[in-house]
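K.L.:
Chain by chain, the residues run as shown.
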Amino acid sequence: MDAGNTAWVLTATALVLFMTPGLALFYGGMVRGKNVLGMLMQNLMAMGLMAVVWAVVAFSLAFGDAGNGGFIGNFEFAFLHDVGPELIDQEFLGFLTIPFVVFAGFQMTFAIITPALITGATADRLRFPAYMVFIGVWLVLVYSPIAHMVFGGGWLADLGALDFAGGAVVHMNAGAAALALVLLVGRRKGYPETPMPPHSLPLTVLGAGILWFGWAGFNAGSALAADGIAAQALMNTFLAASAAMLGWLVVERIKDGRATTLGGASGAVAGLVAITPCAGFVGGMAPIYIGLIAGAVCYLALGLKKSFGFDDSLDVVAVHLVGGLVGALLLGFFADASINAAVADEGVFLGGGGRLLWYQVVASAVTIAYSFVVSYAIGAVINATMGLRVDDAAEDEGLDLSQHAETAYAD
Amino acid sequence: MDAGNTAWVLTATALVLFMTPGLALFYGGMVRGKNVLGMLMQNLMAMGLMAVVWAVVAFSLAFGDAGNGGFIGNFEFAFLHDVGPELIDQEFLGFLTIPFVVFAGFQMTFAIITPALITGATADRLRFPAYMVFIGVWLVLVYSPIAHMVFGGGWLADLGALDFAGGAVVHMNAGAAALALVLLVGRRKGYPETPMPPHSLPLTVLGAGILWFGWAGFNAGSALAADGIAAQALMNTFLAASAAMLGWLVVERIKDGRATTLGGASGAVAGLVAITPCAGFVGGMAPIYIGLIAGAVCYLALGLKKSFGFDDSLDVVAVHLVGGLVGALLLGFFADASINAAVADEGVFLGGGGRLLWYQVVASAVTIAYSFVVSYAIGAVINATMGLRVDDAAEDEGLDLSQHAETAYAD
Amino acid sequence: MDAGNTAWVLTATALVLFMTPGLALFYGGMVRGKNVLGMLMQNLMAMGLMAVVWAVVAFSLAFGDAGNGGFIGNFEFAFLHDVGPELIDQEFLGFLTIPFVVFAGFQMTFAIITPALITGATADRLRFPAYMVFIGVWLVLVYSPIAHMVFGGGWLADLGALDFAGGAVVHMNAGAAALALVLLVGRRKGYPETPMPPHSLPLTVLGAGILWFGWAGFNAGSALAADGIAAQALMNTFLAASAAMLGWLVVERIKDGRATTLGGASGAVAGLVAITPCAGFVGGMAPIYIGLIAGAVCYLALGLKKSFGFDDSLDVVAVHLVGGLVGALLLGFFADASINAAVADEGVFLGGGGRLLWYQVVASAVTIAYSFVVSYAIGAVINATMGLRVDDAAEDEGLDLSQHAETAYAD
Amino acid sequence: MKLITAIVKPFKLDDVKTALKDAGVAGMTVTEVQGFGRQAGHTEVYRGAEYTIDFVPKVRIEVLADVMDAERIADAIADAARTGKIGDGKIWISDVDRIVRIRTGELDADAL
Amino acid sequence: MKLITAIVKPFKLDDVKTALKDAGVAGMTVTEVQGFGRQAGHTEVYRGAEYTIDFVPKVRIEVLADVMDAERIADAIADAARTGKIGDGKIWISDVDRIVRIRTGELDADAL
Amino acid sequence: MKLITAIVKPFKLDDVKTALKDAGVAGMTVTEVQGFGRQAGHTEVYRGAEYTIDFVPKVRIEVLADVMDAERIADAIADAARTGKIGDGKIWISDVDRIVRIRTGELDADAL
Ligand SMILES: Nc1ncnc2c1ncn2[C@@H]1O[C@H](COP(=O)(O)OP(=O)(O)O)[C@@H](O)[C@H]1O
Ligand SMILES: Nc1ncnc2c1ncn2[C@@H]1O[C@H](COP(=O)(O)OP(=O)(O)O)[C@@H](O)[C@H]1O
Ligand SMILES: Nc1ncnc2c1ncn2[C@@H]1O[C@H](COP(=O)(O)OP(=O)(O)O)[C@@H](O)[C@H]1O
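Chains as they are written, first to last, in my numbering: chain A, 1 to 411; chain B, 1 to 411; chain C, 1 to 411; chain D, 1 to 112; chain E, 1 to 112; chain F, 1 to 112.
For reference, chain A alone in the conformation it holds in the complex:
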């Protein structure tokens, strides 16, 4: 056991945990004032429920029987059996120099934020009980298998696809599930005719700041050690966020005539998403190029919902699905074995040919397809049984009053 590595993963776990309140504020600032508590509460509930489901079964399904090259784990760690303060004695996980329980905790924070990401898409119209059931089932049926396939030594890892900190597991996964839910619940009342401007952009900027900060733990923590790879991942994370802000704002400036604050915050998040799969696998100026491209592409992807007529309210598809995909594919160009020896096939630009790129395409397609289909199925069942969407009067009144009997602001 290494105290330095443990110190860093403890810190990183706290940082990623902090991201979900950050996300709550990032999203909460963007909705109307009558729905802000609805949004905050959905994110809080992800913190509440996902942790318990994770302990009970989802961690084991993701990381049980790790390295089996398969589709899902087993029940060996259910109810946190054998998850304690010692090192884990298992082949695939044997590289860990940190207490096994903090590995479980670190991964738990990912399992919390991933379903929370979805809430931006369905803002202002989900019934709270239906939401709870959805994320509970979703963690087990969607998140755990994908986490196993990619992080837990499942078949996508075996194939050779790379995902440093969750471009597939977290972002494309959440983005595809968001799309599925949005198609099921339909558009907000009044969308798109009625303007629904953000009720508090300072909250959104604060949320973006917390996300940016926490992402240091997300990406550099995924090294699971305080080493050169963690250091590189940290630098890449910050550079990509900055460059993506610039990329987004330049395109926004050209297309809309203004560089907006919401654009700055959104661009940074897009860059953080895109660098997630790449963080510990690229170096030098690559994160800046990845960020610039991701910022510009994600901005342009905002148009998708207009073109296809769906109401992805806070643009989870454009930022997380597209951003995650951009990162995963660009890794096929920029992956660099001199940064991380785990890069078996280098990227196109490093002379590694197209092999890694192909794996990235496969892993992305599998993730998106699996997540979309299963999320849609779960959502459809809930919709048919308990109903996903609040009724008209409740939507007019706002989620804060109708779901939680509260108002966000008073004198």
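One or more of the hints may lead you astray.
Stated by the list, open to error - Derived pair list, reagent style BS3-like, types lysine-lysine, alpha-carbon separation capped at 27 angstroms:
{"#": "1", "chain 1": "D", "residue 1": "85", "chain 2": "E", "residue 2": "17"}
{"#": "2", "chain 1": "A", "residue 1": "189", "chain 2": "D", "residue 2": "17"}
{"#": "3", "chain 1": "E", "residue 1": "85", "chain 2": "E", "residue 2": "17"}
{"#": "4", "chain 1": "E", "residue 1": "17", "chain 2": "B", "residue 2": "189"}
{"#": "5", "chain 1": "D", "residue 1": "21", "chain 2": "A", "residue 2": "189"}
{"#": "6", "chain 1": "F", "residue 1": "85", "chain 2": "E", "residue 2": "85"}
{"#": "7", "chain 1": "B", "residue 1": "306", "chain 2": "B", "residue 2": "255"}
{"#": "8", "chain 1": "B", "residue 1": "189", "chain 2": "B", "residue 2": "306"}
{"#": "9", "chain 1": "C", "residue 1": "189", "chain 2": "C", "residue 2": "306"}
{"#": "10", "chain 1": "E", "residue 1": "85", "chain 2": "E", "residue 2": "21"}
{"#": "11", "chain 1": "A", "residue 1": "306", "chain 2": "A", "residue 2": "189"}
{"#": "12", "chain 1": "B", "residue 1": "255", "chain 2": "E", "residue 2": "85"}
{"#": "13", "chain 1": "C", "residue 1": "306", "chain 2": "C", "residue 2": "255"}
{"#": "14", "chain 1": "F", "residue 1": "17", "chain 2": "E", "residue 2": "85"}
{"#": "15", "chain 1": "F", "residue 1": "17", "chain 2": "C", "residue 2": "189"}
{"#": "16", "chain 1": "E", "residue 1": "21", "chain 2": "B", "residue 2": "189"}
{"#": "17", "chain 1": "D", "residue 1": "21", "chain 2": "F", "residue 2": "85"}
{"#": "18", "chain 1": "A", "residue 1": "189", "chain 2": "D", "residue 2": "85"}
{"#": "19", "chain 1": "D", "residue 1": "17", "chain 2": "D", "residue 2": "85"}
{"#": "20", "chain 1": "C", "residue 1": "189", "chain 2": "F", "residue 2": "21"}
{"#": "21", "chain 1": "D", "residue 1": "17", "chain 2": "F", "residue 2": "85"}
{"#": "22", "chain 1": "C", "residue 1": "255", "chain 2": "F", "residue 2": "21"}
{"#": "23", "chain 1": "D", "residue 1": "85", "chain 2": "E", "residue 2": "21"}
{"#": "24", "chain 1": "D", "residue 1": "85", "chain 2": "D", "residue 2": "21"}
Hints in this document: simulated from the structure, not taken from any laboratory.
Starting from the structure of chain A, add chains B, C, D, E and F with the ligands where the hints point.
P.N.:
Chains B, C, D, E and F with the ligands alone, transformed into the frame defined by chain A:
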């Protein structure tokens, strides 16, 4: 000296320091808009004044002559004498592998937040100068002795009572002092007839998020090393918070018909309080059970103030006194020597019999009684001399204007 | 490479990165509601643009050819050439036990926040494009040379001047640049007749909390190791902030009749600024004395803008220029070789005579003069070409609408 | 001259604005208000304490008009604001001695 | 028909509401306003700069009523809102030509 | 008695207040409102979606006055609020039956 352990305790110290601004916002969002600065300022002042009092004398009274099995320390470290960048050469504190000055700093952040916790109970009606005098005296006469008895190798520690990170020293202590002050200052004007809803629940949720994040440092930092115990404490902390949120919300849903955002945030904090004494002493699913119970019990404890007719404005008694007590007693059931060798007598459920539970009862009773009595005495003297409470006109006007000549919000 | 040290510097880097959103909120709360996004966006843009400029050239100009005793670095690390996950093999930087890329990242977060500090002075009236050009050029022509002279083994370091974490490089530098810009852009419309009270003091307090928290990374991270010096720096940082809050409030109370919340927050920041150059070089009660003096002096320095008739809107000169100077000079009195062997000449109060004090005077004068002159020149050129200031109508409308086509708050 | 004042549901403001434009009205002034009436308020819960809020958010619209237009404008507002559910609000018409356009000093009908 | 408008201290709103209910009034409309008058404002201090704020928060209450009820209602408001200290506010009564209930189109007394 | 109501640009409030004081007016009541009229609103952009906001922030000033002072007061307001640019706002004068000072029960001119 160990760099890994030092890295973690440095981080933990910063995290706990950050909790007090978090608490300020958590409380500040709950009061009316005309009192929010009053609340923020009381918390800021705890950061200002307690640090200086700590350096001058309180640290020495808590940790001087550590391990003496007594009631209070001495003056050996007054004015930070011998508190520097080296290891401390002392028997009881000799286990530390970190610079002594960061131990003093880490403990200082506890001494800052403990009196700050009290401010929620007396919200909207304390005179600022009286508050300053109160916390200054309180730190020396109440906090230091209790910290010494429990953390500093005093008689409660010798007895065999366990308190990993301050269930007694911080939470029951602050809760009992809050009760004493509330009885002295009386109810807010208009309470309970006039509704006084929270003026900004997003601030409260943000505050809860910061507290949750910082609590990683509070509890896992109390291991004073980046080891398996710290890792276990971190996981336990997060699981208890999540479970307590669920416990609180289930009971709230049943009793009030709604799961509220304020309930979600409050439940999480209740869980964090309850796990504090247990964090490094339990494992497996225990934190989830502790959290569930604490969430439910603290929700029910909200009724105390109605039954007994006192105005504990932001429920410091229900959350901190009761929550801390629940945690301390449940440790008597769940303490697990396989998690931490410092557990001499295991809990009831681990076959250790009732011995530890009895020590926990004693330590809790002593803490609550001592804190209540001495806090009441200090408060009574201040009340008789300078007056604890603002006058009627100032209370109507609000603390922001009457105490600080400011308004929180403008165009 | 040391994992413990790396863990701490990773953490510190994240902490300092988080300070800029904190600063954005600290300042953003103080401006009027129609300008808050303008303020937030200027700070976000510092995060976006400075990181990229740093990677491209500014890091290399600051730390290239480190230890040359000169005025500026070279281009050896331009485009992050040779900046990777390994240790750096260079004489002056050879003391580093952390991956070189995280050193570059840590220093990058300083390069982000330094120009961001300036935005408080010119609040509510800068054109956004002009601001971008200004900070881009400024980083290269002002920040990099000063960082090289002081941190990069340039001539001020060689001379014997001490600056632990940037009293000169960050604070006096930003303060002098702020003064230069303020003289160029002139006063806000309506200043000083029209009251322009802070639109949201809770945001400001939140920002101060984040700054305080992040400053742990700023100062203790500047030890670049998790050792006794880092520990001492952390403690000194927190004690100075607390004491400065008290110092500020006492004088405020005497002069204005009230201790204000804004005063509490401002005082703490003043203390953090003043302790920055001293953090790892002093010990015992020194940080408390430094804080008390800095709080009182910075409060009094608020009067400068009235006396000289300039509109330093959020008091960057009083807090950062004066605060940084107070710290730098007091280091000449309190520097203590028993805390840090790098203190070659101890301070006046430790019997070291006036030698160090003299170096501090020289370094401060050089920094202020260089920064003021070059900043003024850059600003003047931009003013003459593209114009620094928005027109009257845009200023009336506010920066949010005129520069970014957004409003901060809606229903 | 006449002043038409209407209290309507907030989400109807846009429809009323359109109806007024169609009716040839060039200006209006809008205030956020709280209404109390037959329409029930709502209940909020904070930590087990239940509060009943009697007031309902409404908007108050003021339109200055010529005597002969007043009725027509009131009708236009009523038609646009009507949902048929309790709480649709009130409209009232009152007399104004004189109207001034500040910019030009024009009076009454010319001031509109 | 008549319109009674009252400017009162915010913390008196609840008492006024109760008094109006007791007086048989079925509805009212309330606006947050700032008052300027004999009652002194307050002083704020920000970083050494002292500002005097002349305005005092008040609420404005509007009640539509039948001609014969107007005086009685005004009296009820005055009684409920009175503290006897400077700044209690004003009440005024003015004429209304016509009142419409939007939901039904009912007029005047029927619209109340 | 008369009620003078003015809709003016927010940044002119201070000037109007001074003018009213100079005109011997002892009190007034101010409300934040949104105006719609000839003056153009503005455009906002959020993630590529452009919104046009027609409403412009204004303040509404109410002054109760004696019949014979009304015109003079209206003129004072107009002079103080005028910028000459579109959107300066309106002033109107209407009749008030009776004014009561809540504190004392004084009526009409005595209530001012
Ligand atoms: N007597 C009254 N005076 C002033 N405003 C009233 C009066 N009665 C109702 N209102 C206003 O009209 C709104 C709607 O009235 P309400 O009685 O709820 O429904 P309806 O108009 O459909 O009968 C109220 O919220 C209030 O703002
Ligand atoms: N001439 C006036 N016109 C309109 N409103 C007024 C006038 N005078 C006072 N008010 C309103 O009445 C409130 C109370 O008036 P004030 O002079 O402070 O006390 P009082 O009514 O007790 O004499 C003021 O804050 C203002 O809102
Ligand atoms: N017919 C009207 N009824 C009520 N208020 C009006 C009317 N016309 C204009 N206003 C108010 O006056 C303000 C200024 O009017 P506007 O037409 O923009 O400029 P101007 O008064 O210079 O012609 C508007 O914003 C609105 O608040």
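K.L.:
Work down the list of hints and note, for each, if the structure agrees.
P.N.:
How the hints compare with the structure:
1. A C-alpha spacing of about 24 angstroms is found between residue 85(D) and residue 17(E), which places the hinted pair at or below 27 angstroms, so the restraint holds.
2. Restraint check for residue 189(A) and residue 17(D): satisfied, since their Cα atoms lie roughly 20 angstroms apart, inside the 27 angstroms limit.
3. Our distance criterion of 27 angstroms between C-alpha atoms is met by residue 85(E) and residue 17(E), whose separation comes to about 20 angstroms.
4. With a CA separation close to 20 angstroms, the supplied pair residue 17(E) and residue 189(B) stays within the 27 angstroms bound.
5. The suggested pairing of residue 21(D) with residue 189(A) holds, with an alpha-carbon distance near 24 angstroms, which does not exceed 27 angstroms.
6. About 42 angstroms separates the Cα atoms of residue 85(F) and residue 85(E), which puts this hinted pair outside 27 angstroms; it is violated.
7. Between residue 306(B) and residue 255(B), the direct Cα distance comes to roughly 15 angstroms. Compliance with the 27 angstroms bound is thereby established for this hinted pair.
8. Of the supplied pair hints, the one linking residue 189(B) and residue 306(B) holds, its CA atoms being roughly 16 angstroms apart against a limit of 27 angstroms.
9. A distance of roughly 16 angstroms separates the Cα atoms of residue 189(C) and residue 306(C); the hinted pair therefore holds under the 27 angstroms criterion.
10. Distance hint between residue 85(E) and residue 21(E) is fulfilled; the C-alpha atoms sit about 25 angstroms from each other, no more than 27 angstroms.
11. The hinted pair formed by residue 306(A) and residue 189(A) meets the criterion: a straight-line CA distance of about 16 angstroms does not exceed 27 angstroms.
12. Proposed proximity of residue 255(B) and residue 85(E) is contradicted: the alpha carbons are some 44 angstroms apart, above 27 angstroms.
13. With a C-alpha separation of about 15 angstroms, the suggested pairing of residue 306(C) with residue 255(C) holds against the 27 angstroms cut-off.
14. Under the criterion of a C-alpha separation no larger than 27 angstroms, the hint pairing residue 17(F) with residue 85(E) is consistent with the structure, at around 24 angstroms.
15. In summary, the hint linking residue 17(F) to residue 189(C) is supported, as the alpha carbons are separated by about 20 angstroms, within the 27 angstroms threshold.
16. About 24 angstroms separates the Cα atoms of residue 21(E) and residue 189(B), which keeps this hinted pair within 27 angstroms; it holds.
17. The straight-line distance between the Cα atoms of residue 21(D) and residue 85(F) is roughly 22 angstroms, inside the 27 angstroms bound, and the hint therefore holds.
18. Straight-line distance between C-alpha atoms of residue 189(A) and residue 85(D) comes to about 19 angstroms, which keeps the hinted pair within the 27 angstroms bound.
19. A distance of roughly 20 angstroms separates the Cα atoms of residue 17(D) and residue 85(D); the hinted pair therefore holds under the 27 angstroms criterion.
20. Between residue 189(C) and residue 21(F) the alpha-carbon distance is near 24 angstroms, which keeps this suggested pair within the 27 angstroms criterion.
21. Distance hint between residue 17(D) and residue 85(F) is fulfilled; the C-alpha atoms sit about 24 angstroms from each other, no more than 27 angstroms.
22. About 31 angstroms separates the Cα atoms of residue 255(C) and residue 21(F), which puts this hinted pair outside 27 angstroms; it is violated.
23. Restraint check for residue 85(D) and residue 21(E): the C-alpha separation of about 22 angstroms stays at or below 27 angstroms, so the hint holds.
24. Annotation: proposed proximity of residue 85(D) to residue 21(D) holds, straight-line Cα distance about 25 angstroms (limit 27 angstroms).
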